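There are 2 protein chains.
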Amino acid sequence: MKLTVQSDYTLRVLMHLAVNSKGLVTISEIAQHFDISKNHLMKVAHQLSKRGVIEAVRGRSGGLRLAQSPNDINLGNIIKFIEQSSVMVECFPGGKNGCILNNACRLKGILFEAQTAFFECLNKYTLADLVVDNSPLKQLLLETNAA
Amino acid sequence: MKLTVQSDYTLRVLMHLAVNSKGLVTISEIAQHFDISKNHLMKVAHQLSKRGVIEAVRGRSGGLRLAQSPNDINLGNIIKFIEQSSVMVECFPGGKNGCILNNACRLKGILFEAQTAFFECLNKYTLADLVVDNSPLKQLLLETNAA
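Protein chains in written order, with my numbering: chain A, 14 to 160; chain B, 14 to 160.
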């Protein structure tokens, strides 16, 4: 059971921006910070920007920042949005529907129910729950930026 | 959010064996039936056999059959067993732990809680729930065997 790398990177970007809320952060800084692909991050930033969760300020001293309060950024909604193109099994909407049992199989409904339980659990949390009063996280995310 | 192809194939094999409970079914028959890789199915059958869920009868007229009643084959347990080598995000046990936030990140706990909710939901169901009184499924799985 695997989330896409986009979800992983999305959550890192959001935590990074939440901790560095007083300024703008560039994609290069985030990529360097986590030692991850800049291309992947650009796609993630584009998605988040399109959804209005972050905003990109253009120009020489530009960068990214949150466009919403961390209290309003729900983890379930964000992960569901990013995972929308990933299908749990191939009979799910968007899958190849390559199974001959498709119309007779009860499993799809059961897996959908379990997936709903997964997202309902995440819906209880916001970005604020990850960063508020989390000094070790702040230290890690601010230290590298200052370096 | 994706399950491994092994989980998908495992559930197809189990449904196939449950419906054809009066005889033995070969891996070749299942592969042909679903138009999927025989090699993948052999790995899946090996795992299920090791766990005591199915048994393999050797010899010329050999094949696979369920070693437990469909009522005793819990879907949550089976999928959890098959998915054990798949990590949701790389900071989960078995992952590469390649994130610098690893020790300060609250997300791991939240994702683990959501994963638990997913499996708890599946724990409510057994293989019997998929096959009992499911005539369309039986028709699909028996028809091809008779062909």
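It cannot be assumed that every hint is accurate.
Because identical chains cannot be distinguished in the list, a pair is counted as satisfied if it fits within a single copy or across any two copies.
[To be verified] With a cut-off of at most 20 Å between alpha-carbon atoms, the simulated EDC-like pairs for lysine to aspartate or glutamate come out as follows:
hint	residue 1	residue 2
1	K121	E103
2	K121	D142
3	K56	E42
4	K35	D146
5	K15	E103
6	K15	D146
Keep in mind that the hints were calculated from the coordinates and are not lab data. Because the structure is a prediction, the values reported are computed rather than measured.
Hint-by-hint comparison with the structure:
no.: 1; hint: K121 to E103; in the structure: within (10 Å within a copy, 27 Å between copies)
no.: 2; hint: K121 to D142; in the structure: between (32 Å within a copy, 12 Å between copies)
no.: 3; hint: K56 to E42; in the structure: within (15 Å within a copy, 43 Å between copies)
no.: 4; hint: K35 to D146; in the structure: within (16 Å within a copy, 61 Å between copies)
no.: 5; hint: K15 to E103; in the structure: both (15 Å within a copy, 9 Å between copies)
no.: 6; hint: K15 to D146; in the structure: neither (29 Å within a copy, 33 Å between copies)
Consistency with the previously given hints fails for number 6 only.
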